[in-house]
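Undergrad: Protein chains in written order, with this note's numbering: chain A, 1 to 340; chain B, 1 to 340.
Quick caveat, the hints were computed from the structure, so don't treat them as lab data. Be aware that a few hints might be false.
Intra- or inter-copy, both count: the list cannot distinguish identical chains.
Unchecked claim - Heads up, simulated EDC-like pairs for lysine to aspartate or glutamate below, C-alpha to C-alpha not over 20 Å straight-line: (1) K18 to D182; (2) K18 to D152; (3) K18 to E7; (4) K18 to E179; (5) K38 to D152; (6) K18 to D167; (7) K253 to D82; (8) K243 to D316; (9) K13 to D167; (10) K18 to D216.
Number of protein chains: 2
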Amino acid sequence: MEGVLREFFSQAKLRAAKLSPSYLSLWDTLEKSTVGGKRVRPGILMTAYHHLGGTNTEAAARVGAAFELLHTALIIHDDVIDLDFMRRGHENVSGTYRALAQTAGQTPESARHRGMSAGIIAGDLALIGAFRMLDTVDTDQQTRLRLAAILDDAVFASAAGELIDVDFSFSLGAPQIPEILDMERLKTAVYSFEAPLQAGAVLAGADDDAVATLGDFGRDTGIAYQLVDDLLGVFGKESATGKSNLSDLREGKRTVLIAHAAQGESWEELSHLIGCPDLTAEEADRARELLISSGARDYARTLAEEYADRARSHLDCPSIPGPLRQVLERIVAGAVNRGR
Amino acid sequence: MEGVLREFFSQAKLRAAKLSPSYLSLWDTLEKSTVGGKRVRPGILMTAYHHLGGTNTEAAARVGAAFELLHTALIIHDDVIDLDFMRRGHENVSGTYRALAQTAGQTPESARHRGMSAGIIAGDLALIGAFRMLDTVDTDQQTRLRLAAILDDAVFASAAGELIDVDFSFSLGAPQIPEILDMERLKTAVYSFEAPLQAGAVLAGADDDAVATLGDFGRDTGIAYQLVDDLLGVFGKESATGKSNLSDLREGKRTVLIAHAAQGESWEELSHLIGCPDLTAEEADRARELLISSGARDYARTLAEEYADRARSHLDCPSIPGPLRQVLERIVAGAVNRGR
Chain A
1 MEGVLREFFS
11 QAKLRAAKLS
21 PSYLSLWDTL
31 EKSTVGGKRV
41 RPGILMTAYH
51 HLGGTNTEAA
61 ARVGAAFELL
71 HTALIIHDDV
81 IDLDFMRRGH
91 ENVSGTYRAL
101 AQTAGQTPES
111 ARHRGMSAGI
121 IAGDLALIGA
131 FRMLDTVDTD
141 QQTRLRLAAI
151 LDDAVFASAA
161 GELIDVDFSF
171 SLGAPQIPEI
181 LDMERLKTAV
191 YSFEAPLQAG
201 AVLAGADDDA
211 VATLGDFGRD
221 TGIAYQLVDD
231 LLGVFGKESA
241 TGKSNLSDLR
251 EGKRTVLIAH
261 AAQGESWEEL
271 SHLIGCPDLT
281 AEEADRAREL
291 LISSGARDYA
301 RTLAEEYADR
311 ARSHLDCPSI
321 PGPLRQVLER
331 IVAGAVNRGR
Chain B
1 MEGVLREFFS
11 QAKLRAAKLS
21 PSYLSLWDTL
31 EKSTVGGKRV
41 RPGILMTAYH
51 HLGGTNTEAA
61 ARVGAAFELL
71 HTALIIHDDV
81 IDLDFMRRGH
91 ENVSGTYRAL
101 AQTAGQTPES
111 ARHRGMSAGI
121 IAGDLALIGA
131 FRMLDTVDTD
141 QQTRLRLAAI
151 LDDAVFASAA
161 GELIDVDFSF
171 SLGAPQIPEI
181 LDMERLKTAV
191 YSFEAPLQAG
201 AVLAGADDDA
211 VATLGDFGRD
221 TGIAYQLVDD
231 LLGVFGKESA
241 TGKSNLSDLR
251 EGKRTVLIAH
261 AAQGESWEEL
271 SHLIGCPDLT
281 AEEADRAREL
291 LISSGARDYA
301 RTLAEEYADR
311 ARSHLDCPSI
321 PGPLRQVLER
331 IVAGAVNRGR
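Model the full structure from these sequences, guided by the hints.
TA: Structure (C-alpha cells):
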C-alpha cells in the first residue's frame, strides 16, 4: 500500500513539475499530509480481502490506497470547514500554506484565507485521486464498478455527515443523542469501516451475505470507535493519544457525552465551561468531574460496548470464515479498549 | 444532456432524502446551481463527436454531463476561494446557505462561514459526480479509461491554474503577461475547450491526429475566449453580458489587460483605481479611458485575434472533416466576437 501511494504521488509530482513549481509544492505538501496516518482503512480492507480468499495483494493495495486518498481528502476539507490548521500534531495543508503566507508578511486573515484556499484545492486532488486509483486495479469490469459504487456511497454518506455536523455547530442548543449517532455513522463509520471491509470482500469475490455482514459489522464497529474517540478527546492522556484533551472541550464539540450531560442537572454549570475557547486546565478538570458525576462518561462507555457487542453479533454467520471472525473480534476489541 | 443531468440529480436526491432532509436541500441547491449555464462544454463535445462519425447520442450526452458537473464543481470551489456569493446574477451555493444563516439570525461572519462550508461539500459531490458519470457511458473499457484520463488531466490542469491564480492575488505587484496567459490556459482553457473536444473525438473513435489537433485548437480557442472575457469584464455592456462591468476592476482581477497597462505610464494613476472595493462609476470610466489610451485594450484585442488565428491554423489538417472545420471556425469566431 505504501508503495502504491508513493508511486501515485511520484507520478503526480512529475506531471505537476511540468506545470509550475508552486503546483509541485502543493503536491509535495499533500503527500506529506498522508504520512503518519495509521492506515486503518487499507489495513482492514486487506484483512477482509485475504481472509476471504483474495490473493492479488497488489490489487488490494490499490483499493486500500484509494481509501487512504479518500480519507486524506475528507480530513483536509473537514479541517478547512472547521478552521483547523493542525492535524496529528503537525501543520496540515492549510496550516502549511498559512504559515508560508505569514512568513511572507501577510496579515493573519489573509494568511488564513491563503491556507484554506490551498486546502480546498489539495482536497479536490486527493478526492479525484481516490476514484482514479480504482481504474488501476487489476480486476474485471463488474467488480471495478462495484468498488466504485462502494467508494461513491462512502463519499455520499460522509458528505451528509459533514453537513449535519456543520448544521450542529450553527444551531442553538445541543443535538439529541440519536442525531449525534447518526451524524457519526455517516461522517466516519461508513467510509472508515463499513466501506473498506465491503470493498475488500467484493474484490475477493465473496458472496453477497459476506459483503452485507461485513457492512453491518463495520458500521457498528465504526460507531463504537467514534464513541471511544470522543471519550478519549476529553478523558484521554495526551501522552497516549497524541492529541490534546482540551480542544474538544474548548471547541464545544457535539458528542454523545455532551448530549447526555445536557439532559442532567450539572448542565447549568457545564454549559458555561464547554465551548470556551480559553478554558483553563483547572476548568477542564472541573468539566471532567461533572461529566463523570452526571453519569455521562459511563453512559458513553456503555453505549460503545453495546455497539461493539452488536458488531460482534453480526459475525455469527456462516459466510464469515473462523479466522476472519477472530481478527474482526480483535479489531472491535481494539476499537473500544483504546487508551485504557 | 439535460435529461442525463436531471436523472443524475433525481437519483442523488432520492438517495439523499433517505439520509437527512438537510442533505436533500443541499442536493437541490446544487442542482439549481447547474441551471442557466450555457452548456458550452457539452455543446462542443457533442459537436466534435457527431462530426467525427459518432452516433450514440446518449453516450455523448453522458460524457457531456460529466464535463458540466466538473464545471459546476470547479466554479463552486472557485467561488468559495474567491469569497464570491453570487454567480450569473443569482446566489450561488455558498450565497444560498449564507442567506439562510443570516435569516436564522447568525452573525455575518458566521453566516459567511456557513455558506463556504456548504460550498465545499457541494463542490466535492459534483466533482465525484463527474467521474462517476463516466462509469455510466456505454463504450468499451479502453475508451472509458481514455475519457477518465482526459477528465483527470482537466482537473489536474485547472487545480494548477486555480493555485497560480490564488498566488497572484497574494503576491505583490502585477504578474507578467506570459504568466497570466499560462494561468488562464490551465484554469479555464483546458477543461472548457481542449478536454471536451478531445473527449468527443475519443468517444467517436477518431484517430490520434484528430484528437491532438482538437486539443491544440481547443487550447488556443480557450485562451482567446478568456482574453475576450476579461475585456468584456471591463468594457462589456451589462445589458449584453449579464455581468457587472465594475466587479473585475473593483476586485483588481489580474488580466492581460491590466498586466499590459502596468508597463505603461498611466499605471501610476490606474493603480490607484484598480482594486478599490468601492470604485465609483465615474472612477471606473476613468480607468477605462486609461486602459484605452495606454493601448492595453487594443493589445488584448489583438492578442485574442492572434490566438483565434492560431486556433484556426490547426484545423488545416486532413483528419478534421470539412463540416467539423466549419463549425469549429464558427465557434472560434463566436468566442472572439462576443459582445460586439
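Undergrad: Would you mind marking each hint as holding or not holding in the structure?
TA: Results of checking the hints against the structure:
1. K18 to D182: between (45 Å within a copy, 12 Å between copies)
2. K18 to D152: This pair counts as between: shortest inter-copy Cα distance 16 Å, intra-copy 31 Å.
3. K18 to E7: within (17 Å within a copy, 38 Å between copies)
4. K18 to E179: Between copies only: 14 Å across, 48 Å inside.
5. K38 to D152: Classified as neither: same-chain Cα gap 23 Å, cross-chain 28 Å, threshold 20 Å.
6. K18 to D167: For K18 and D167, only the inter-copy Cα distance (17 Å) is at most 20 Å; the intra-copy one is 41 Å.
7. K253 to D82: within (11 Å within a copy, 29 Å between copies)
8. K243 to D316: Classified as neither; 36 Å inside a copy, 63 Å across copies.
9. K13 to D167: between (37 Å within a copy, 19 Å between copies)
10. K18 to D216: Answer is between; shortest inter-copy Cα gap is 18 Å, intra-copy 46 Å.
Checked against the numbered hints above, the structure breaks hints 5 and 8 and satisfies the rest.
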